[in-house]
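Using the sequences and the hints given, assemble the complete structure.
Number of protein chains: 2
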Amino acid sequence: MTMRLPHTIFVAFVCAALSSTTAFAASPGGVDTAFVESRYAEAANRIITRALSDSTAFERLAYMCDTFGPRLSGSKNLENALRWIEKTMKSDGLDNVRSEPVMVPHWVRGSESLVLLEPRRSGLLMLGLGGSIGTPPNGITAEAIVVRDFEELERRRDQARGKIVVYNPPWKGYGRTVQYRTRGAIEAAKAGAVASLIRSVTPVSLQTPHTGMMRYHDSIPKIPHAAITLEDAAMLERMHRRGQKIVLTLRMEAHTLPDAVSHNVLAELRGTEKPDEIIVMGGHIDSWDVGDGAMDDGGGCIAAWQAVKLLKELGLRPRRTIRVVMWTNEENGMRGGLEYFDAHKEEVSKHLLAIESDAGVFKPRGFGLSGNDTIRAVVKAVARLLNSIDAGEITDHGGGVDISPLMRAGVPGMGLRVHGEKYFWYHHSPADTVDKLDPHEMNLCVAALAVMAYVVADLPESWF
Amino acid sequence: MTMRLPHTIFVAFVCAALSSTTAFAASPGGVDTAFVESRYAEAANRIITRALSDSTAFERLAYMCDTFGPRLSGSKNLENALRWIEKTMKSDGLDNVRSEPVMVPHWVRGSESLVLLEPRRSGLLMLGLGGSIGTPPNGITAEAIVVRDFEELERRRDQARGKIVVYNPPWKGYGRTVQYRTRGAIEAAKAGAVASLIRSVTPVSLQTPHTGMMRYHDSIPKIPHAAITLEDAAMLERMHRRGQKIVLTLRMEAHTLPDAVSHNVLAELRGTEKPDEIIVMGGHIDSWDVGDGAMDDGGGCIAAWQAVKLLKELGLRPRRTIRVVMWTNEENGMRGGLEYFDAHKEEVSKHLLAIESDAGVFKPRGFGLSGNDTIRAVVKAVARLLNSIDAGEITDHGGGVDISPLMRAGVPGMGLRVHGEKYFWYHHSPADTVDKLDPHEMNLCVAALAVMAYVVADLPESWF
Numbered sequence: 061m062t063m064r065l066p067h068t069i070f071v072a073f074v075c076a077a078l079s080s081t082t083a084f085a086a087s088p089g090g091v092d093t094a095f096v097e098s099r100y101a102e103a104a105n106r107i108i109t110r111a112l113s114d115s116t117a118f119e120r121l122a123y124m125c126d127t128f129g130p131r132l133s134g135s136k137n138l139e140n141a142l143r144w145i146e147k148t149m150k151s152d153g154l155d156n157v158r159s160e161p162v163m164v165p166h167w168v169r170g171s172e173s174l175v176l177l178e179p180r181r182s183g184l185l186m187l188g189l190g191g192s193i194g195t196p197p198n199g200i201t202a203e204a205i206v207v208r209d210f211e212e213l214e215r216r217r218d219q220a221r222g223k224i225v226v227y228n229p230p231w232k233g234y235g236r237t238v239q240y241r242t243r244g245a246i247e248a249a250k251a252g253a254v255a256s257l258i259r260s261v262t263p264v265s266l267q268t269p270h271t272g273m274m275r276y277h278d279s280i281p282k283i284p285h286a287a288i289t290l291e292d293a294a295m296l297e298r299m300h301r302r303g304q305k306i307v308l309t310l311r312m313e314a315h316t317l318p319d320a321v322s323h324n325v326l327a328e329l330r331g332t333e334k335p336d337e338i339i340v341m342g343g344h345i346d347s348w349d350v351g352d353g354a355m356d357d358g359g360g361c362i363a364a365w366q367a368v369k370l371l372k373e374l375g376l377r378p379r380r381t382i383r384v385v386m387w388t389n390e391e392n393g394m395r396g397g398l399e400y401f402d403a404h405k406e407e408v409s410k411h412l413l414a415i416e417s418d419a420g421v422f423k424p425r426g427f428g429l430s431g432n433d434t435i436r437a438v439v440k441a442v443a444r445l446l447n448s449i450d451a452g453e454i455t456d457h458g459g460g461v462d463i464s465p466l467m468r469a470g471v472p473g474m475g476l477r478v479h480g481e482k483y484f485w486y487h488h489s490p491a492d493t494v495d496k497l498d499p500h501e502m503n504l505c506v507a508a509l510a511v512m513a514y515v516v517a518d519l520p521e522s523w524f
Numbered sequence: 061m062t063m064r065l066p067h068t069i070f071v072a073f074v075c076a077a078l079s080s081t082t083a084f085a086a087s088p089g090g091v092d093t094a095f096v097e098s099r100y101a102e103a104a105n106r107i108i109t110r111a112l113s114d115s116t117a118f119e120r121l122a123y124m125c126d127t128f129g130p131r132l133s134g135s136k137n138l139e140n141a142l143r144w145i146e147k148t149m150k151s152d153g154l155d156n157v158r159s160e161p162v163m164v165p166h167w168v169r170g171s172e173s174l175v176l177l178e179p180r181r182s183g184l185l186m187l188g189l190g191g192s193i194g195t196p197p198n199g200i201t202a203e204a205i206v207v208r209d210f211e212e213l214e215r216r217r218d219q220a221r222g223k224i225v226v227y228n229p230p231w232k233g234y235g236r237t238v239q240y241r242t243r244g245a246i247e248a249a250k251a252g253a254v255a256s257l258i259r260s261v262t263p264v265s266l267q268t269p270h271t272g273m274m275r276y277h278d279s280i281p282k283i284p285h286a287a288i289t290l291e292d293a294a295m296l297e298r299m300h301r302r303g304q305k306i307v308l309t310l311r312m313e314a315h316t317l318p319d320a321v322s323h324n325v326l327a328e329l330r331g332t333e334k335p336d337e338i339i340v341m342g343g344h345i346d347s348w349d350v351g352d353g354a355m356d357d358g359g360g361c362i363a364a365w366q367a368v369k370l371l372k373e374l375g376l377r378p379r380r381t382i383r384v385v386m387w388t389n390e391e392n393g394m395r396g397g398l399e400y401f402d403a404h405k406e407e408v409s410k411h412l413l414a415i416e417s418d419a420g421v422f423k424p425r426g427f428g429l430s431g432n433d434t435i436r437a438v439v440k441a442v443a444r445l446l447n448s449i450d451a452g453e454i455t456d457h458g459g460g461v462d463i464s465p466l467m468r469a470g471v472p473g474m475g476l477r478v479h480g481e482k483y484f485w486y487h488h489s490p491a492d493t494v495d496k497l498d499p500h501e502m503n504l505c506v507a508a509l510a511v512m513a514y515v516v517a518d519l520p521e522s523w524f
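Protein sequences appear in the order of chains A and B.
Position one of the first sequence corresponds to residue 61 (the numbering used here), numbered consecutively onward.
Position one of the second sequence corresponds to residue 61 (the numbering used here), numbered consecutively onward.
Simulated from the structure, these hints should not be mistaken for laboratory data.
Beta carbons are placed, not taken as given, at the ideal position from N, Cα and C, and that holds for glycine.
It is possible that some hints are incorrect.
Unchecked claim - Pairwise CB distance ranges, derived in the manner of DEER restraints: (1) A:L374 with B:D450: 55 to 65 Å; (2) A:K147 with B:T316: 15 to 25 Å; (3) B:D498 with A:R181: 26 to 36 Å.
Now the structure itself:
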């Protein structure tokens, strides 16, 4: 792949002679796109060039995934990976590297299986859903009823009692389809079902089950809840529509242990003039317990880390502090984001911008921003520096689960946006592995994060 | 989807008034495209219209897959499916429905597992390859060496002794990549390896292992041979290149029992004038023991069956006999095709054309033909009747494994060609299931097979 260089590169070489202070003195109040271009184009170009010539982020992601495996909250894998991250961040020479303890839910899958007994005997691939209870040791054997959606379940409510409800909703995008995962067990239990199964929340399958979070309601009996593949959901629906009696045995050892200690890991590039003012940036380091959590969200974490490492190596230390955070427990508790907010309550008002990368480090498009007109104008001006790598698009609405407590407190929130057409093919499945990512595309994400964080962290006060 | 109707349909209505005999009398010797058009356009159109309005083939395929499961040679599943086919063909009123016994290899997978012990403990997805021996009951535990290709194995031959050889060849198309499956165990054993693993033979994976046939050589020690996923092959290669020690335990119960009895199932639409002259058409009814063998090749079998059923229902009985055959044991022995040849030796010379459909019943393109100029001209003239459904392309070279003994004896061989871009995504894997096929596309295949077989079977003698 070739990269177009910003046409301002030559202008930038001239401007680079100006010192930081001089440049600020010369800048007008408010947003001035020409100023951003003249002041930061050279730095942006150095960042981009360096990001694209250094595959450390991808290599570290692969090393982490290969060495520690998936990183479910409460697991040794996660804490081993976090210890390696902290140690490696220190060896990178980053500032204030530290682990902050976070109590996290500790759900354990255990052994699990699903067997079709009638109309023919066959083992079916499945994944229990996060937070589900288990079955008795011998499992639950029951007839199945297959429905397309909650409306069909409601219409056929009298047929669901004592049965296993199988939801086979067609894929209508994640937002509309995921409800069967989150509240499928509640609705099935309301109808008297003894367990529930969902078609995995994905548009594409090669017999690949996808896990993810599910919920119970205190006033509704808890029943085991698991995902099956698109293939088997379609098969069960065909059998059911044909009038064939379906009998299944679901066995799950899933259980929830007392909360465990995990950690948010933080590192900084301390600001030169306003070190107490913070641009926070990161992803969630925990994952589900299948695949490697390479895409969701190991890649986002390590891209943010690499962005800061790269700025340090280039000697680009901004006026404000850039803090990179590996938030823990996004997947099944959000405790990392909540604990970060609590532990840093005193400095929340000092957070100028929070950036999360949790959409997979595929080829970047730009950022989605939730914030007022002032920060939007700033970010749009900065994003022009990313046009050379086609990553300068700023869209409405953005953020991330981990930064949502900050955002609720008024901190502008931004999410890295990418070409994630295949994101849900891999999401929460055994197929979320390193090979789904491309080193060059990941480096483009590093470049986008580094340029955005650096320039925003370095801009004059008058702009905010 | 809309279908373009042949522009000749109105002409055809006029010509339909002519009787079959009259039409022949009027036809010139040799190939006459205009004659085909005038004589058969109306019939072709009736076939196509009917094929596209009748989803019996897809429903039967789904029923067979759902009810009997995968159909490995030697399995009860296969024989149960064959009994259902024979019974249903009889209830369709087809002629001379019968089962012809075939002795087939009886390989049994048994239980199997692959565990990564170092550098971290993790179960890996795998599928033993067809014909492989098993391991001792406690498995084979050994260090692994990862190579890209046979050349690298040769260069590093001294490092392979006592190890498990993992082949991670990049996908370069089926023909170039499958050699690691077929002769990987031989080459690894030559180097002193104790077992061998291959990257599954597919361009795309969602943690999906693919099985398939492998070979041993009498003079080389037999070692267990299995496929792993693209994801895990890539991971093992990364670990290996990084210098991490890889230790695996491979456990396989695979073994080969004495040959078992299977069957070719045949049905006919007997010819009106030359019943001893035969157009034979079909696919292979056996499959691997994972997925449902819906694409490879249940769909091809049932499409051919449906083509004949449909001709019968339309009252389109050609002058010659169309024979549909569900050949057994294509996957791991080819015994069905060989036995058909032997059992029908007397009438081989009466086979005018052999058609196999074994490329998945995706949207058809046309046919690939291996045969002389005479049959090529005939088939090309007939194929024009399929232009209305974009299935009229005749290319060089075609046939199929099951019809290859006939072809070696001089019978022209033809294979249905389809838009099979995703064929190898599913091939020999748990993802070869009914949902990968589309009823409309399957019906287009039925139409193409029915038109081709009917018209060739009905043409004047002078054309051959």
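Evaluation of the provided hints:
1. A:L374 with B:D450: 55 to 65 Å: Holds, since A:L374 and B:D450 (Cβ atoms, about 57 Å apart) stay within the stated range.
2. A:K147 with B:T316: 15 to 25 Å: Given about 52 Å between the Cβ atoms, the range is violated.
3. B:D498 with A:R181: 26 to 36 Å: holds, 29 Å
Consistency note: the structure conflicts with earlier hint 2 alone.
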